[in-house]
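These protein sequence lines are chains A and B, in that order. Using this note's numbering, the letters of the first sequence correspond one by one to residues 1 to 120. Using this note's numbering, the letters of the second sequence correspond one by one to residues 1 to 198.
Everything labelled a hint here was simulated from the structure, so no lab data went into it. Quantities reported herein were computed from a predicted structural model and do not represent experimental measurements. Quick reminder that beta carbons are idealized off the backbone N, C-alpha and C, glycines included. A few of these clues could be false.
To be verified - Here chain A is said to cover these stretches of chain B; the calculated rule only asks that three of the stretch's residues, wherever they fall, bring their Cβ under 8 Å from a Cβ of chain A: (1) 13 to 22; (2) 171 to 185.
As the list claims (entries may be wrong) - Derived lysine to any residue pairs resembling SDA-like cross-links, with alpha carbons at most 25 Å apart: (3) K51/A with V72/B; (4) K51/A with R157/B; (5) K51/A with R95/A; (6) K51/A with T71/B.
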Amino acid sequence: MTPPRPGRDRGLVRPYVVTEGRAHPTRNTVDLVTLVMAVRNRPLSGLNPEKRRVMELCGGGALSVAEVAAHLSLAVSVTKVLLCDLIDSGHLTARPPVPKAQRPDAQLLQEVLHGLRSRF
Amino acid sequence: MGSAPVSDPVYVSDTVTTTVKILVVGHFAVGKTTFVGTLSEIRPLRTEETMTRAGELVDDLAGAPDKTTTTVAMDFGRLTLSESLVLYLFGAPGQKRFTRLWEDMLHGALGALVLADTRRLDHSFDIMGLLEEHGVPYAVAVNHFEGAPVFPEADIREALDLLPETPLVTCDAREATSSAGALISLVEYLQTRTPGER
Numbered sequence: 001m002t003p004p005r006p007g008r009d010r011g012l013v014r015p016y017v018v019t020e021g022r023a024h025p026t027r028n029t030v031d032l033v034t035l036v037m038a039v040r041n042r043p044l045s046g047l048n049p050e051k052r053r054v055m056e057l058c059g060g061g062a063l064s065v066a067e068v069a070a071h072l073s074l075a076v077s078v079t080k081v082l083l084c085d086l087i088d089s090g091h092l093t094a095r096p097p098v099p100k101a102q103r104p105d106a107q108l109l110q111e112v113l114h115g116l117r118s119r120f
Numbered sequence: 001m002g003s004a005p006v007s008d009p010v011y012v013s014d015t016v017t018t019t020v021k022i023l024v025v026g027h028f029a030v031g032k033t034t035f036v037g038t039l040s041e042i043r044p045l046r047t048e049e050t051m052t053r054a055g056e057l058v059d060d061l062a063g064a065p066d067k068t069t070t071t072v073a074m075d076f077g078r079l080t081l082s083e084s085l086v087l088y089l090f091g092a093p094g095q096k097r098f099t100r101l102w103e104d105m106l107h108g109a110l111g112a113l114v115l116a117d118t119r120r121l122d123h124s125f126d127i128m129g130l131l132e133e134h135g136v137p138y139a140v141a142v143n144h145f146e147g148a149p150v151f152p153e154a155d156i157r158e159a160l161d162l163l164p165e166t167p168l169v170t171c172d173a174r175e176a177t178s179s180a181g182a183l184i185s186l187v188e189y190l191q192t193r194t195p196g197e198r
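One chain only, chain A, in its complex shape (with noise of 0.2 Å):
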């Protein structure tokens, strides 16, 4: 296992002051691997300092809610808390995964299978 690293110490604060006392996200449709983006020129006024930093790591392109939650040391729970916000203020876009509860179509078997194959 790799130890943790340094600089990884959880903050001072304590993860649900950053949701203002929220465990659940406003929607149930973010997945680990949804893709998030920052919607260009929204204003950032009002945002809380944790919602700031999610918006600068996301204004450089599309990342995943796990990606997300490991660049920014946050709990998957809280940062799923914060993306949830963004998204219902218009702050941030998501690529949803692959609906859920369906067995996942031959076609992208397939693909998956021949991007393995032709990567290794």
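Given the coordinates of chain A, work out where chain B should sit on it, guided by the hints.
Frame of chain A, contents of chain B only:
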């Protein structure tokens, strides 16, 4: 530099429209992180989730100081498979008590690769049981460790009580072609379970 990201982000290409995930699961020190790192195109990332014993994060808000909390980490990596498709590999521990984390990861996953070690085959039972409970299809890859006993496939199948159709392969998690081969076996198996026409 309080506001800078902890690590330099490598962004997903603008042309990507679909993301999929495959889980790499197994007991402690079976090589999950190595496997993910070998195949990932980005330096593997780690996310952490704090769980109370009951797995209820809301309990944390009650501020009960004596609540037992555990931090669970998952390491993950990314692999761009085509202009439009990205695969995420999530390596995670298989303990049953981390239900919430599991549900998050299992949700929408194509399938799982169970890494096993011939010295501790019985350590894989919990994980396989969990995947079966959640209806997640899986393949088993025996990660080769120096000096670990080599058993005939039939013996390993019997020890793990595998269904005849469950793929069993051997891999070296440190080696890309070998690790990709294990994933390919899993995806080929997933194909056999999916009707060709919809």
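* Proposed proximity, T71/B with K51/A (alpha carbon, max 25 Å) -> Holds. K51/A to T71/B sits at ~23 Å (cutoff 25 Å).
* Does K51/A pair with V72/B here, judged by a C-alpha cut-off of 25 Å? -> holds (24 Å)
* Coverage claim, chain A over the region 13 to 22 of chain B, checked by counting residues with Cβ within 8 Å (three needed) -> holds (count 8)
* Asked: Is K51/A close enough to R157/B, meaning Cα to Cα at most 25 Å?
  -> violated (50 Å)
* Taken at face value, is the distance from the CA of R95/A to the CA of K51/A at most 25 Å? -> holds (19 Å)
* Verdict on chain A covering the region 171 to 185 of chain B, criterion of 3 CB contacts below 8 Å -> holds (count 6)
Violation of the numbered hints given earlier is confined to hint 4; every other hint is satisfied by the structure.
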